[in-house]
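Visitor: Here's the letter readout for the chains.
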Amino acid sequence: MNSLPEIWTYLAQEPLLWLTATLVAYGFGDALFGWSGRRPYVNPVLIAVVLLAGLLWAAGVPYATYFEGAQFVHFMLGPATVALAAPLYANLGKIKASAIPMIGALVAGSVTAIISALGIAYALGVRGEVLLSLAPKSVTAPVALGVSEAIGGSPTLTAVLVILTGIMGAVMATPLLNLLRIKNWQARGFAVGVASHGIGTARAFQVNETAGAFAGIGMGLNAVLTAIIAPIIVRFFM
Amino acid sequence: MIVHLAVLLAFQLAGETLSRGLGLIVPGPVIGMVLLLGFFMVFPRLAALVQPTALGLLSHLSLLFVPAGVGIVGHLDKLGSDGVAILLALAGSTALAIAVGALVFVGLARLVGTPNE
Chain R
1 MNSLPEIWTY
11 LAQEPLLWLT
21 ATLVAYGFGD
31 ALFGWSGRRP
41 YVNPVLIAVV
51 LLAGLLWAAG
61 VPYATYFEGA
71 QFVHFMLGPA
81 TVALAAPLYA
91 NLGKIKASAI
101 PMIGALVAGS
111 VTAIISALGI
121 AYALGVRGEV
131 LLSLAPKSVT
141 APVALGVSEA
151 IGGSPTLTAV
161 LVILTGIMGA
171 VMATPLLNLL
181 RIKNWQARGF
191 AVGVASHGIG
201 TARAFQVNET
211 AGAFAGIGMG
221 LNAVLTAIIA
231 PIIVRFFM
Chain Y
239 MIVHLAVLLA
249 FQLAGETLSR
259 GLGLIVPGPV
269 IGMVLLLGFF
279 MVFPRLAALV
289 QPTALGLLSH
299 LSLLFVPAGV
309 GIVGHLDKLG
319 SDGVAILLAL
329 AGSTALAIAV
339 GALVFVGLAR
349 LVGTPNE
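Sequence order for the protein chains is R and Y. Residue numbering for the first sequence follows this note's numbering, beginning at 1 and increasing consecutively. Residue numbering for the second sequence follows this note's numbering, beginning at 239 and increasing consecutively.
Worth flagging that the hints you see were computed from the coordinates, not collected in a lab. In this text the structure is predicted, and so the values were computed from the model without any measurement. Heads up, the beta-carbon is just placed ideally off N, CA and C, and yes, glycines get one too.
A few chain Y residues facing chain R, derived, Cβ under 10 Å: (1) E254; (2) D320; (3) I324; (4) A333; (5) A340; (6) V350.
My request is simple: use the sequences and hints to build the entire structure.
Guide: Next up, the structure:
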């Protein structure tokens, strides 16, 4: 019979352990989110990341070893991006009816998100790879990671910036839009989806179903638009 | 379920092939998404078939961020010196983008007379 340290040495090198740990950590974060009454600041992703990072640090396991297992989850980002076609298709009728306001709000929101993030960070002295990683932060993670990689940013840093942006958008959207006295649910949802992707979209669904549907459309459309315009806009900040 | 996943993967593969082959800046999966949307328009029955698997996958979208998120551990030192600047940039730009997007939507909806739900 092997001793516990021997079993650990074997398991720590195998994909099974870290794939399981990733799913369990996320499941725990999701359960906490449910128990909290689905509060936007109890984010399952952040909880899972903190738990796993702490575990890796405590066990002295390098990220590359962890990723051997986690890559199976990571891989699904691609098919998930393709799957965005489904909610877009389901909302095609609504998209057509509000085409002009949506195109305007999409371009305005998308360009504002990229330029203001780069502008504020540049003014505060941020340069190089970190600055470039900011450009796609308003877009859903699978697309943001791809764009970040394509423009010379760091996909891992962008992943965290994407999550932070999502939480910020979900927390600030309702008070901000009330302050602006915007009562149109399509406009409220769409703007949140464009600015803060899936986490903002989930928040919009909690508030109003129309807002949620339009947030989903905004998220999907901005994924395409940002992939096209972010590489062009970042050239002005290099 | 497996067939539906194969459809998603096939469109991702087609997107990757186009993206790499034509040297496009748009990532392969995004092209795959646009291709699939076009395919749904031509073959609505396929949309009804793939819809449950696609929505199921998207309902766990946040899980898929976790492995890349754990990668931040190697980047914490980079955030350290720029941490405050990055947080200010994120908060400022997110608020601006939501406000500008919503105001433009409302303005244009009034201009063209879109029914307000």
